[in-house]
Amino acid sequence: MLSVYSLASGYGPAKVLFDVSFTVKAGEVVTLIGRNGMGKTTTIRTIMGLLSPSSGRMVFEGERLNGLPPYRIAQAGIGLVPEGRQVFPTLTVEENLVATAAARFGPPRWTLAGVYELFPVLSERRRNQGNELSGGEQQMLAIGRALMTNPKLLILDEATEGLAPLIRAEIWACLARLKAEGQAILLVDKHIDPLLRLADHHVVIEKGSVVWTGDSNDLTSDPYVRRRYLQI
Amino acid sequence: MSTTLLIVQILNGLQLGVLLFLIAAGLTLVFGVMDFINLAHGVQYMLGAYLAVMFYGLTGSFVAALVLALLASLGCGLLLEFVVFRHLYDRDHLDQVIATFGIILFLNQGVKLVWGAAPLSLPIPEALSGSVVLMPGLLYPVWRIVIIASGLAAGLVLYGLVAHTRIGMLVRAGATNATMVSALGVDIRRLFMIVFGFGTMLAGFAGIMIAPILSVEPGMGDTILILAFVVIVIGGIGSIRGAFIAALLIGLVDTLGRSFAVDILRLFLAPSPARTVAPALASMLIYLLMAVVLFLRPSGLFPARGR
Amino acid sequence: QERLKIGLITTLSGPPAALGQQQRNGLQLAIKSLGGKLGGREVDLIVQDDELKPDVAVSKVKAFVERDKVDFVVGPVFSNILVAIMKPATDGGAFLVSPNAGTSNFAGKDCNANFFVTSYQNDQNHEVLGKYAQDKGMKKVFIMAPNYQAGKDSLSGFKRYFKGEVVDEVYVPLNQLDYSAELARIAAAQPEAVFVFLPGGMGVNFVKQFRQAGLADKVTFLSAFTVDESTLPAQQDAALGFFGGANWAPNLDNPQNKAFVAAYEKEYGHVPGSYAFQAYDAGQLIDAALKATGGKTDDKNALRAALMKADFKSLRGAFRFNTNHYPIQDFYLVKVAKRPDGKYQTEIAQKVFENYSDPHVKDCKMK
Amino acid sequence: MAEPILRLEGLCKSYGGLDVTDHVDLEVAPSGVHAVIGPNGAGKTTLINQICGLVAPDAGRIVFAGHDVTHRPVHARARLGLARSFQITSILPAFSTLENVALAVQAHAGSSFRLFGRADREEVLNGPAYAALVEVGLGERAHVPAGSLSHGEKRALEIAIALAMDPKLLLLDEPMAGTGREETERLVHLLQGLKTRLPMVLVEHDMTAVFELADHVSVLIYGRILASGPPEAIRADRQVIAAYLGEGE
Amino acid sequence: MPLLLFIALAVVPPLASMAGQAHVTGLFARGMIFALAALGLDLLVGYGALVSFGHAAFVGLGAYTVAILGAHGIHDAAVVVPVAVVAAAAFAAATGAISLRTRGVYFIMITLAFGQMAFFTASSLAPYGGDDGLTVSTRTTLFGYAPLGRDVALYYVIFAVLACAYGLMRFLVASRFGRVFRAAKENPVRVAALGFDVYRFQLAAYMVSGVVGALAGVLLANATEFVSPAYMSWRRSGELIIMVLLGGMGSLHGAIIGALAFLLLEEWLAGVTEHWKIIFGPLLVVVVLFARGGLVGIGAALARRWWRG
Ligand SMILES: Nc1ncnc2c1ncn2[C@@H]1O[C@H](COP(=O)(O)OP(=O)(O)OP(=O)(O)O)[C@@H](O)[C@H]1O
Ligand SMILES: Nc1ncnc2c1ncn2[C@@H]1O[C@H](COP(=O)(O)OP(=O)(O)OP(=O)(O)O)[C@@H](O)[C@H]1O
Ligand SMILES: [Mg+2]
Ligand SMILES: [Mg+2]
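Respectively, the protein sequence lines represent chains A, B, C, D and E.
Residue 72 in my numbering sits at position 72 of the first sequence, with consecutive numbering throughout.
Just add 232 to wherever you are in the second sequence, counting from 1, and you've got my numbering.
Just add 539 to wherever you are in the third sequence, counting from 1, and you've got my numbering.
Just add 906 to wherever you are in the fourth sequence, counting from 1, and you've got my numbering.
Just add 1155 to wherever you are in the fifth sequence, counting from 1, and you've got my numbering.
Note that these hints are calculated values from the structure, not bench results.
Check before you lean on any hint, since a few could be wrong.
[As the list claims (entries may be wrong)] Here are the simulated lysine to any residue pairs, SDA-like style, with alpha carbons at most 25 Å apart: (1) C:Lys679 x B:Ile496; (2) C:Lys698 x B:Phe492; (3) C:Lys678 x C:Val706; (4) C:Lys678 x C:Lys576; (5) D:Lys1101 x D:Thr995; (6) A:Lys25 x A:Arg104; (7) D:Lys1101 x D:Leu924; (8) A:Lys207 x A:Ala173; (9) C:Lys608 x C:Lys648; (10) C:Lys626 x E:Gly1454; (11) C:Lys679 x B:Met286; (12) C:Lys904 x C:Ala801; (13) C:Lys805 x B:Met286; (14) C:Lys576 x E:Gly1448; (15) E:Lys1340 x A:Trp172; (16) C:Lys679 x C:Lys648; (17) C:Lys670 x C:Lys626; (18) C:Lys571 x E:His1430; (19) E:Lys1340 x D:Pro1137; (20) C:Lys757 x C:Gln673; (21) A:Lys15 x A:Leu166; (22) C:Lys698 x B:Ser504; (23) C:Lys608 x E:Val1167; (24) C:Lys679 x B:Thr411; (25) A:Lys25 x A:Tyr11; (26) A:Lys207 x D:Leu1151; (27) C:Lys679 x B:Ser361; (28) C:Lys877 x B:Ser361; (29) C:Lys571 x E:Val1427; (30) C:Lys852 x C:Ala801; (31) C:Lys678 x C:Ala888; (32) A:Lys152 x A:Lys207; (33) C:Lys882 x B:Ile496.
Since the structure is predicted, the reported quantities are computational estimates derived from the model, not experimental observations.
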């Protein structure tokens, strides 16, 4: 579905990514793991067209993403939950959800009602402005907003940041359900344990390069990665 | 000071208010909602008036002039957007200020080159030229009623568009975080272009409608621009309702101030100083009003939430 | 002989640019019709825009005097600019010829040997209307002007001759757009006439709105600098029959004026106004004086005496300079009319003052 | 128990019809970590905002270090020694990382109306600032603009700023949010060292960290304190489990 | 770069008189006066994001101090300057105290409001010329001695004031005070949470900026020997902002370069064609579109390119 080949990218003169390659197959859940500042978000921003790669290739469902503007990439079927939420502060909760909603590939799987069912708090706050929500509520809104675009591939960058344990558990359950329905997901998260249960593949990024890939079993058995990324 | 005069002046004040709102409407959209400081709004208003005069000269029909001038305004707006504005959306407000100031200089001078420096005018369409008696002793020009109606209509259209359509939501969202809107699959640049064109058209529309009562001359948009900003700021940036109410407030305060300042000051002062102080005070009045409003409510009367 | 340098400082930007353009056109036309020479000398005319900013005007005039070493500075349109440039222009040794602005202080206690005015003392056009209203025996007049110095001078000028009742005296903010409030007051006061001084765009707005309010048929419209050739193209029919006061009109009947109006319209495509005529006369004045001195400018006293003679055929007919270097001339009531060719102009309605000089001359020390 | 460093008495705040803080009484001991946990939207950030002065309470009293600060402005409370970190990162993006912290040092060093001398060369400011950066592991990033730090690094900077203020009480609003696993561990370690000399209020959803650090836990739900007590008791509290903790991941 | 700028300015009068273009000195003198006002404004705009749209009022205040005291026979700098400074500081304190409650565009507009009030007040000062303005008969003297009588002397006085103001501003923005003020531009909430009373810092900077503007006004009245309410009009305030932005805000020398460039370009283009604005306008647009950070930004970009070879 999504293939990234030896991607390099950065912010102006500052090079951040050097060699990132991985693939996400249809129906798969893949994670990007790495310490702070290693380039996970940068990878995602490059895929979304928010940064232009200096070299490498990105292909989504047969379409080359290099050089496409972000909205074309999103229209191709990638839904983003960005780092730091970035909900629209001047829009109400409901407007946040419907403003960019879309059903580009047949009947929508996610509707307003569905999102409200997933996050009942949002329904209570539907008339509040985006910036009046608590941090966690904003996070839910950002997830709901991405779901409302009914993407083929869902990208979540630290989507559980600031969520209460109970809600976090719900999100994991929800993602598991989505996966069961065949939704492809690319994930960045610091809670590794649930990722182990959920994901098919893990991609470890260090200093802008992919240093390790493998499935959950490999991850738990590889002593080096284990020490670095799992609780011992 | 008789009661009829007072009533008449209140009506006049409201009418001036609607007139101001008509002019401020486009600015509310582009500046208030889209968050783009467009100082060129005033010259776009001027351009609308000039285009109408020109097309009237060519066709001899007001309606044809109106339609053609609107289209031409839209065209100019899109052209400006394409050449200049689209490169400035994600820039600092101050970059927008200096670029649009450049456009003011250019268009003011351009208009003078093309149409000459002398004031021009546009006649009122024949059918709407007379006056009607609103109440005994109060003759009211029909065209002013038309202006009021179009001001109200512009307000309603704008309100509906911004508050209740998806385009409105997206524009508001884009104003705070264009990147994110785009990353969610919306071509925000194109949307901004359309909205900007529409804003220019509104400016042009105001110019066309007002041309029959005001002189069409180079620089006519400059003072108006300041007034329009005053309206928007008093109302609270981003709030269409606020702009509307602020426009009426300014219309009233200005009109009543001008009409009755002398009489009121005479209560405290001798006639001759009253006569000299009052007009100075009347000129200052809207600024005084703005200062007081902002002192009491630093984000205008109806602060937009979430900014 | 060396080329004669003249600096024209006038307003060429902003809404009043039309007035400045008329001034420039008038002066250029004078030079052209005199064969490109004044007093037999080829002319370098340097035109600068004062942008209606006093400090800009000062800087430009200093450049005239210091860089270009001009012998004459001509201009400006507006009084506040005149006040600003008087010192730099005349201190620098040039003669300043004003083809429009003529403030009272320079006519009186601040009169200046190197300053000549080819127009009038500012108050005089207003006095014409006051005198007219008084002669007509009008009882109630509503008067209005913008709230600045010239506006106040205007209304006091009107009242100097009008002794009837002033039902209301209104000052509006400069560059006011909408006059509905004032029109309501006028309608309520039911005067016989209004007298207004609303130059430029203000006049256009007011005249149109006055007509639209249906007052034109009931109230006589008296004005100064409100309906003239610079505003009529915009006012058109709305101003028909309205009165102004002037020292000249395009239809003034003398051969030199006929020739001037025809030449001007041919050259610039519109009817000349007083701004153009006074600038034309300024050109003629310089020409006549230089002819008398044989083209020489170094003897300032001789040149001044020659200027004082004003030995040329003014477009307004005969006039002479008073001791304060302001003209003594006739003033007329003028009325807006539509010409057979569809253009609008003011036309002489009647003579109101004959050989009229301003009263400030008594404060002037010059003899 | 010693005199509390911070006491909230009947604090109330509502937005529209929503009671976000509903008669909250709270005492924070002069030492140790006092954790405040609760579901999203329970009112934790609003509580912190009221304590530090960004939000004015509708009713109630805030007493800090013996002063009634209920009506004092933000900066006055900070001067009294109240420091906070923001849940949504709040730094000076155009300033270098070091300057961000140096400014915090300057805040309690005083004499900020000094008009001469280059502030960025003052060792008295830069020294402690650099030390704070090293403590949170940002030593190498001292001279890059703070805006170009990664999200997790910005979170660490947020802590460094609060530390550099040398406060009497530290309010931490989700300091671990967005920091990676390794960084979280370092942070927990850091706070553990600090808590002997500096009392803290900790709002956090990372339960591992909370239970590792806290000496006292209060649970806030719908603007009310549902339970308050030592960590073990809270962890076992059925109500808290149902409303917040869940059965673990 | 700033040093080069000042050296260049210092040698203008001798060069101009050598080239027989003495009036150029006057031109640059005017340019430096506006540069001084722009410099003061840059402190607010560039370092505090406080875009004052009423700054011309301070210039007018300084100018009117000279004219009004002059009309009463007081010409000495020992009186004029302190009066101007105190008046400006007081006006700044009063209007700033109110204006600084607002942010962003609201601040722009409320400062405009105060500027307009000053303008209308000056226009109605009938004893001092009303809106026609009044002539300054005698230039300011120093203890009875008339150093400003000659244009070149005046030029160097302006130069000295500008240089001092520049130095002062440089110190100011780098100082502890300046750091807090700059930080408040970036994130006032954070700065307050650190324990700084943002309002006091901003008010102090606003007063400094106003005083500098008033000094420019004192010099302007001496240079043109005339004062007028037009000095206070909103267009003037707008032009000052444009000067700061054109040069590149937040660099101080940018404001000076911007003011000089604005006025000299205007002078030069106006000499080329009466329709100079049709060139000048697009020029401004081009500067914005192709360079961030105004003329200083362009200079820096060119220098970088040249450096790389
Ligand atoms: N806007 C920017 N400008 C310059 N450099 C940046 C910018 N944003 C991030 N960087 C740098 O890029 C590197 C990678 O950042 P990135 O945000 O991709 O990290 P990350 O892996 O997502 O980390 P985290 O877990 O903290 O979110 C970091 O060193 C950071 O300093
Ligand atoms: N300005 C406001 N206007 C209206 N409602 C608000 C406002 N600020 C906060 N709220 C509401 O108050 C509630 C409490 O918000 P708060 O930010 O304090 O929660 P929190 O406990 O910090 O949550 P989280 O753990 O998700 O950060 C939320 O439901 C939020 O929607
Ligand atoms: Mg990241
Ligand atoms: Mg919170």
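Each hint tested on the structure:
1. At most 25 Å may separate the alpha-carbon atoms for a hinted pair to count; Lys679 (chain C) and Ile496 (chain B) meet this at roughly 23 Å.
2. With a C-alpha separation of about 23 Å, the suggested pairing of Lys698 (chain C) with Phe492 (chain B) holds against the 25 Å cut-off.
3. For a cut-off of 25 Å, the pair hint linking Lys678 (chain C) to Val706 (chain C) stands: about 9 Å separates their Cα positions.
4. For the suggested pair Lys678 (chain C) and Lys576 (chain C), the alpha carbons sit about 53 Å apart, so the restraint of at most 25 Å is broken.
5. A C-alpha spacing of about 23 Å is found between Lys1101 (chain D) and Thr995 (chain D), which places the hinted pair at or below 25 Å, so the restraint holds.
6. For the proposed pair Lys25 (chain A) and Arg104 (chain A), the alpha carbon gap of about 20 Å is at most 25 Å, so the pair holds.
7. About 35 Å separates the Cα atoms of Lys1101 (chain D) and Leu924 (chain D), which puts this hinted pair outside 25 Å; it is violated.
8. The suggested pairing of Lys207 (chain A) with Ala173 (chain A) is violated, with an alpha-carbon distance near 32 Å, which exceeds 25 Å.
9. Annotation: proposed proximity of Lys608 (chain C) to Lys648 (chain C) is violated, straight-line Cα distance about 28 Å (limit 25 Å).
10. Taking the CA atoms of Lys626 (chain C) and Gly1454 (chain E), the gap is about 41 Å. The hint is violated against a cut of 25 Å.
11. Our distance criterion of 25 Å between C-alpha atoms is broken by Lys679 (chain C) and Met286 (chain B), whose separation comes to about 41 Å.
12. At roughly 41 Å between alpha-carbon atoms, Lys904 (chain C) and Ala801 (chain C) are farther apart than 25 Å, so this suggested pair is violated.
13. For the proposed pair Lys805 (chain C) and Met286 (chain B), the alpha carbon gap of about 23 Å is at most 25 Å, so the pair holds.
14. The straight-line distance between the Cα atoms of Lys576 (chain C) and Gly1448 (chain E) is roughly 51 Å, outside the 25 Å bound, and the hint therefore fails.
15. Between Lys1340 (chain E) and Trp172 (chain A) the alpha-carbon distance is near 41 Å, which puts this suggested pair outside the 25 Å criterion.
16. Between Lys679 (chain C) and Lys648 (chain C) the alpha-carbon distance is near 35 Å, which puts this suggested pair outside the 25 Å criterion.
17. At roughly 35 Å between alpha-carbon atoms, Lys670 (chain C) and Lys626 (chain C) are farther apart than 25 Å, so this suggested pair is violated.
18. With a CA separation close to 23 Å, the supplied pair Lys571 (chain C) and His1430 (chain E) stays within the 25 Å bound.
19. Straight-line distance between C-alpha atoms of Lys1340 (chain E) and Pro1137 (chain D) comes to about 42 Å, which puts the hinted pair past the 25 Å bound.
20. A hinted pair counts as satisfied when its Cα atoms are at most 25 Å apart, and Lys757 (chain C) with Gln673 (chain C) qualifies at roughly 19 Å.
21. The straight-line distance between the Cα atoms of Lys15 (chain A) and Leu166 (chain A) is roughly 39 Å, outside the 25 Å bound, and the hint therefore fails.
22. Straight-line distance between C-alpha atoms of Lys698 (chain C) and Ser504 (chain B) comes to about 15 Å, which keeps the hinted pair within the 25 Å bound.
23. The straight-line distance between the Cα atoms of Lys608 (chain C) and Val1167 (chain E) is roughly 21 Å, inside the 25 Å bound, and the hint therefore holds.
24. Among the hinted pairs, Lys679 (chain C) with Thr411 (chain B) is inconsistent with the structure: their alpha-carbon atoms are about 67 Å apart, more than 25 Å.
25. Of the pairs offered as hints, the one joining Lys25 (chain A) and Tyr11 (chain A) is violated, with about 28 Å between alpha carbons and a cut-off of 25 Å exceeded.
26. The suggested pairing of Lys207 (chain A) with Leu1151 (chain D) is violated, with an alpha-carbon distance near 35 Å, which exceeds 25 Å.
27. Taking the CA atoms of Lys679 (chain C) and Ser361 (chain B), the gap is about 29 Å. The hint is violated against a cut of 25 Å.
28. Under the criterion of a C-alpha separation no larger than 25 Å, the hint pairing Lys877 (chain C) with Ser361 (chain B) is consistent with the structure, at around 21 Å.
29. Taking the CA atoms of Lys571 (chain C) and Val1427 (chain E), the gap is near 22 Å; set against the 25 Å cutoff, the hint holds.
30. Simply put, Lys852 (chain C) and Ala801 (chain C) have alpha-carbon atoms about 17 Å apart, close enough for the 25 Å limit, and the pair holds.
31. With a C-alpha separation of about 21 Å, the suggested pairing of Lys678 (chain C) with Ala888 (chain C) holds against the 25 Å cut-off.
32. With a C-alpha separation of about 29 Å, the suggested pairing of Lys152 (chain A) with Lys207 (chain A) is violated against the 25 Å cut-off.
33. Taken as a hint, the Lys882 (chain C) and Ile496 (chain B) pair is broken in the structure, with Cα atoms around 45 Å apart against an allowance of 25 Å.
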